[in-house]
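Residue numbers (the numbering used here), protein chains in the order written: chain P, 1300 to 1474; chain R, 36 to 267.
Note that these hints are calculated values from the structure, not bench results. Beta carbons are placed, not taken as given, at the ideal position from N, Cα and C, and that holds for glycine.
To list a few chain R residues with every Cβ distance to chain P over 12 Å, as calculated:
(1) Ile82
(2) Leu99
(3) Asp137
(4) Met228
(5) His235
Pairs of lysine-lysine, PhoX-like flavour, derived with a Cα cap of 25 Å:
(6) Lys1386/P / Lys1464/P
(7) Lys90/R / Lys1393/P
(8) Lys1434/P / Lys1473/P
(9) Lys170/R / Lys1313/P
(10) Lys1393/P / Lys1434/P
(11) Lys1393/P / Lys192/R
(12) Lys1450/P / Lys1464/P
(13) Lys1394/P / Lys192/R
(14) Lys1394/P / Lys1434/P
(15) Lys1473/P / Lys1386/P
(16) Lys1464/P / Lys1394/P
(17) Lys1450/P / Lys1434/P
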Amino acid sequence: MQQTLTLTTSALLKYTFFSIIFAAIILLTIILPAEYNIDPTGIGKQLGLTVFSEVKAESINNEPTDIGLTSQTIEVIVPAGRGVEYKFIMAQFKKLEYEWTSNNTPLYFDLHGEPKGDTTGYFESYTIATSDEMKGSFTTPFAGSHGWYWKNTTESPITVKLIVKGEYISHSLKQ
Amino acid sequence: MLTNCQRYGLLSLIALMALWLPFNVFAHGVDEDTRAFLLQNTGVQIIPFLYIGAKHMVTGYDHLLFLVGVLFFIYRSRDVLLYVSMFTLGHSLTLLFGVISDIQVNAYLIDAIIGLSVVYKGFDNLGGFTRLLGKSPNTKLVVLIFGLFHGFGLATKLQELQLPADGLIANLIAFNIGVELGQFTALAFILLMINFWRKHHSFTRFAITTNSLLMSAGFMLIGFQLTGYFVS
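Chain R extracted, bound-state conformation:
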């Protein structure tokens, strides 16, 4: 058994390696080339929007962290499908609704809430809510709610780009389908890794560490985004 000191030493090492990833490249906005494309785009462009949506999901580290948290103790494919569908439902609703009715929410605040979702799931996996409240909140509902927030974040980012009205709905739907495809790709990898790991003793041994780390990463996201909100 590792001592706490060793445990946090390992934790820091993993986090430092994760931080090495270029934040700006992976930050889940849209990169320069994509932005340029979106600005120049006119009319219906199914495949490019599918791709942008998928890329957004695969390279969005905050969603991936949330998914790791959600899937940490879930392995039955029926449950996986259920949770993912709830997230997708929330996400799609507000993305379409947000862009169509021109609702803008501050992206930093939305991203801070996504950070909060990571904290929530880490804490929940540690049994925190069961311990403190006597029961864990309905995960399906929570996933749906965070999905709704996430959709608003996306809607805001897409609106900043002032997409032409020509072909907007079709493009949005393509983008949304892309997001789901990307999500499934990311999920497949995450599930593969977690399920592989689950068979080993280290899974149980590191479960506490992993979820503490997850929670910590969520706090970092919150701090990062809130600072962005106040300095911008």
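Excised from the complex, chain P in its bound form:
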């Protein structure tokens, strides 16, 4: 049974040498630029392979567009005698850290999530209380929209200052 090839020593060394050189070229021009943004030759950038780390840097530095990894402050105005919902579209098992305050005016609220694509009106409440501030975090049990319903029973509008940080796809106000 043949177990190995038989090459002359010089051929063996030649193939070994070439395989190292080839590996080095691919590493320096393709793998390292794409994986670690290490681009000693500049070829990776010309090939457009350094985009991965550029995208990563952008999503961390700029305003969160798709992945909110920096904290963001949102002001939600709850009109007099009305309730509003502010929701974050999130995938399953994503975390959102939050902190909100309504400037010493207690509001009834329901922090809850609605599964994506659900038409039955089902929702799951994480917290229901009346408070003028709250701080905490939650991890989504399912993909869908997650957020607060605040109800203003007073005669004047109330501004809720909401600070969030987490992995959400988008966020919006629902009246």
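Position chain R relative to chain P; hints supplied.
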């Protein structure tokens, strides 16, 4: 007969196509969803852990490369079974031992060693050890040793996830069995392809190219993982 120039041109083409595969998706850690599951998991979950283990093996390109190397000149089912069992034995021992006794080894270094195993096998298939040392190292032993390293790598990755102690042993065993099932699936495909190819003249003709390529891919893995080790 191809000239060296043509041979390396072909080699580069194949490698470039292989590189097109999204590295991060196939990197043999665990993907996002799996991670989320593992973090939320409590208690014994045989089937999910079986699946994660199997998936790990089927999508782990570094192990597949090593298996291609090991199986390149082996076709008798008895030998195949023997080599695979050695790998499995090594793998299982350190996976269980590593997690139970809480041993963590740097994953980049382990993956670099797995890269080295690919280089070793490519070089060995080229007859390198026979030529330089007069004899080839005992493949069964080497496969066992690399299996041991691989198990440590897995153990480290599983520990990063801080699996709950509840049902840990059963889950680990399920994971390990999954790894073996995945390995057999991968092996079946690799054997099928190699054995089919073996019947053709091109097998002999490209044997040198294939094993040089294998060795080169191993070097790439080493460079990739070592760089990761130094930059992280």
